[in-house]
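Q: With these hints in hand, go ahead and build the complete structure from the sequences.
Residues per chain, in single letters:
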Amino acid sequence: MICRLRTAMALVAALVAGFWVSGLVAFASTRGVLSVTLPRRRPDPPERHNLASWDLGPTIRASSYHDDLGTQHHPAFLVDGRAFPDPIEKWASSERDRHPWVEISWREPHDVDRVLVRHAGDREFTEYTARNYRIRCLLERGVGPSVDVKDNRESVASHAIECQRARGVRLDIEPNGPTEIVRVYEVEAWGL
Amino acid sequence: MTRRTLQTLGLSITAFGFLLRLVALIRVQPNHPDEFFQYLEPAWRRISGAGIITWEWREGLRSWVLPGYLGAWMRALAWLGLRGSALGLALRVHWVVVSLLLVWAGWRGGAMIARAESIESPRAAPSDDAGVVGGILGAALCAGFPLLVTFSTDMLTELPSTIGVVWALVITGELVGQGPTASKRSAAAIGSLLGLGLGLRVQHAPAALVVGLCLLAARRYRALGIAFVTGALTLGLFGVVDWFTWGGIFSSYIGYVNFNLVQGGAAQFGVEPWYWYGVRYSNRLPNMLAVLLIVPIVGIRSTWPFVLTATSLLSLLSTQPHKEERFALLCWPLLLIAWAGVVGAWLAPRLRSGGPQRPISVGRQIERGSWLLACVGLGAGILVDGALHFQGTEFNLPLARYEAQGWVGRQADASGLLYDDLLGGGGYLWLGRTFPQVEFNSSLLDNPIFTHALVERGSNHEQLAKSAHFVEVYSKGDFVVLRRASRL
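First to last, the sequence lines map onto chains A and V.
First residue of the first sequence? That's 0 in numbering that gives the first Met the number 0, and the numbers climb one at a time after it.
First residue of the second sequence? That's 0 in numbering that gives the first Met the number 0, and the numbers climb one at a time after it.
Derived by calculation from the structure, the hints in this document are not laboratory data.
Take the hints with a grain of salt, since some may be wrong.
Claimed, not checked - Derived, one-sided and incomplete: chain V residues facing chain A with beta-carbon distance under 7 Å:
#1 414
#2 434
#3 448
Claimed, not checked - To spell it out: a stretch of chain A is covered by chain V in this simulated footprint if at least three of its residues, at any positions, have a beta carbon under 8 Å from a beta carbon of chain V; those stretches are:
#4 10-23
#5 127-139
#6 179-186
As the list claims (entries may be wrong) - Listing some non-contacts, in silico: residues in chain A with all C-beta distances to chain V over 12 Å:
#7 79
#8 88
#9 97
#10 108
#11 115
#12 145
#13 154
#14 161
#15 169
#16 175
#17 191
Computed from a prediction, not measured in an experiment: that's the story for all the values here.
For glycine and all other residues, C-beta sits at the position ideal for the given N, C-alpha and C.
A: Structure representation (structure tokens):
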């Protein structure tokens, strides 16, 4: 009886250990990318509109974000449509992230004609405005047209980009210096 | 007692400990926000990309070993469909199961000390009666001592380190008692357990010195060598993990010691007088502390490794400006086990029956019953005194807030949470969602992403939220969840 109990316990222990080791392998190989999908509050209007608007239920993915206890600059702030945001209401990348990017995708394909980026220079110091970045159009499969921005000085920068049946846009932003982070208040993608 | 009776008894005590811990899990508030923000949240952030990072993690002062261990469980349990507060609760239940290793150590330690003590006693019990009585007492005290029960639900480094160190001391005592035939495996286990204990909590280093002293005094040089090598190898694994994660061998430990000891940074979190632990201990057991301390001192020839580890740890911690009760958690099981061992050795010969040929008289039966009652009464007194004077811990972390946070995480239409006290919650793991949860800020009430606010009932935050057209949708204890009315 005791012998059988011990065998059963050893078997359970081996199963639990195997379960945990599988979890450990999965954990070690994971590099979580923040992805948040906002609930859809209204359908897309028929006229030209901001496809990235928070109430159309976009999904925002970001390579990192500044996630201090008191100052969480979450990437969802990029689409909140706030005209006069508080300094916390921006996306800021992590200090360790030297290749920050953010993707905003929407639920159905749309034609995009313009991307507007409200940089931190609009609300804070002008030197916070990102100088160099690339805007890429995301398609159902792969990547569409892109715009390379060099030495940008506009705190509210509007970029023309013609992209048919786009599912989203991606911004790869180069930090302004080796110890700098990226700060962006809003991204709007205009189209039909 | 037959082997079967002993096994039943051991299982019953373990089940008693498990039940108490489950009650604590459901009824008692978490002891420390570090559980969530130093160990769970970093692991969850690695998995989901969402999580709050504390300055210790930003500066690289924490090892990835415990978050890695917990992260492996998170991934594995997520395959079973667990997330949010349900995942957090499952992790805490698993921790409770792990904590029962201390009950087992209490049995083995109490038995080991009782055997050693009864050999030295002129009224030595002829069989292993002393070991049995000491073991039962040790297990029961470790199973039921209130502070151990509540800390058994918290995923902090103190508990696994305490388990490792206590087991190392117990096996050392057993090894010394075995004579020269002691196995190499026991010596290797001692080293590994100490390595684990010190790797998780470097402050427990005095235990390693005591174990070394113990083996040296017993002239177990070979065992000492094996324990040293396996201990160094186990500790080395912690260094390797640092190398992989932070880029330098033992870099998180070096940073930790540098900040806390060299730069004196620990003082930023509060400075208490050197006698703080004494006051705290006497507050925990105002009536029974003397009983708990005197008995191990009476049996010091057998209990010295336990008593010396506890006193040296307390002395070390008392030199530090910042003090917290959890830092000295290890002292409690050491004292309880030492107490159980000495009392077991003392009680066993007094419970001895005359054998089947010599039935014992009524008077002797009454005497036996009285001794048993007195000793069990003292043990129960320690537990009851501890329960009556359990005053909570340094932090006010009401359970209701965690439940309310978990509730918000389950709402499909939630897209942002304003939170009255981020440190008082379970972080992004507990929320189970990746939308922003940010410290309450009235300017954010106008931000349409924030659909929910978790605040204390009757607070200024509640008034501000209501004036911004948030309405109450959930309440638990002193806490309410408000939702933006326009979304109703």
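Q: All hints are to be evaluated individually against the structure, with a verdict given for each.
A: Right, here's what the structure says about each hint:
Taking 7 Å as the C-beta cut-off, the interface hint given for residue 414 of chain V holds, the closest approach to chain A being about 5 Å. For residue 434 of chain V, the shortest C-beta to C-beta distance to chain A is roughly 5 Å, which falls under 7 Å, so the interface hint holds. At its closest, the beta carbon of residue 448 of chain V sits 5 Å from a beta carbon of chain A; the interface hint therefore holds under the 7 Å criterion. Here the segment 10-23 of chain A counts 6 residues with a CB under 8 Å from a CB of chain V, which clears the bar of 3, and the coverage holds.
Note: the segment 127-139 of chain A has 0 residues with beta-carbon separation from chain V under 8 Å; the three-residue rule is not met and the coverage is violated. Coverage of the segment 179-186 of chain A by chain V is violated. Counting CB-CB distances below 8 Å, 0 residues qualify, and the rule asks for three or more. Remark: the non-interface label on residue 79 of chain A conflicts with the geometry, its nearest Cβ contact in chain V lying 5 Å away (cut-off 12 Å). At roughly 6 Å, the least C-beta separation between residue 88 of chain A and chain V is not larger than 12 Å, which violates its mark as non-interface.
Distance check for residue 97 of chain A against chain V: the nearest CB is about 15 Å away, which clears 12 Å, and the non-interface claim stands. Distance check for residue 108 of chain A against chain V: the nearest CB is about 23 Å away, which clears 12 Å, and the non-interface claim stands. For residue 115 of chain A, the shortest C-beta to C-beta distance to chain V comes to about 19 Å, beyond the 12 Å cut-off, and the non-interface label holds. For residue 145 of chain A, the condition that its CB be more than 12 Å from all CB atoms of chain V holds, with the nearest at approximately 24 Å.
Against chain V, the non-interface label of residue 154 of chain A holds: every CB pair exceeds 12 Å, the least being about 21 Å. Taking the minimum C-beta to C-beta distance to chain V, about 30 Å, the non-interface status of residue 161 of chain A holds against the 12 Å cut. The Cβ of residue 169 of chain A sits about 16 Å from the closest Cβ of chain V, beyond the 12 Å cut-off, so the non-interface label holds. Once the 12 Å rule is applied to beta carbons, residue 175 of chain A is consistent with being away from chain V; the minimum gap is 21 Å.
Once the 12 Å rule is applied to beta carbons, residue 191 of chain A is consistent with being away from chain V; the minimum gap is 23 Å.
The structure is inconsistent with the numbered hints 5, 6, 7, 8, although it conforms to all the rest.
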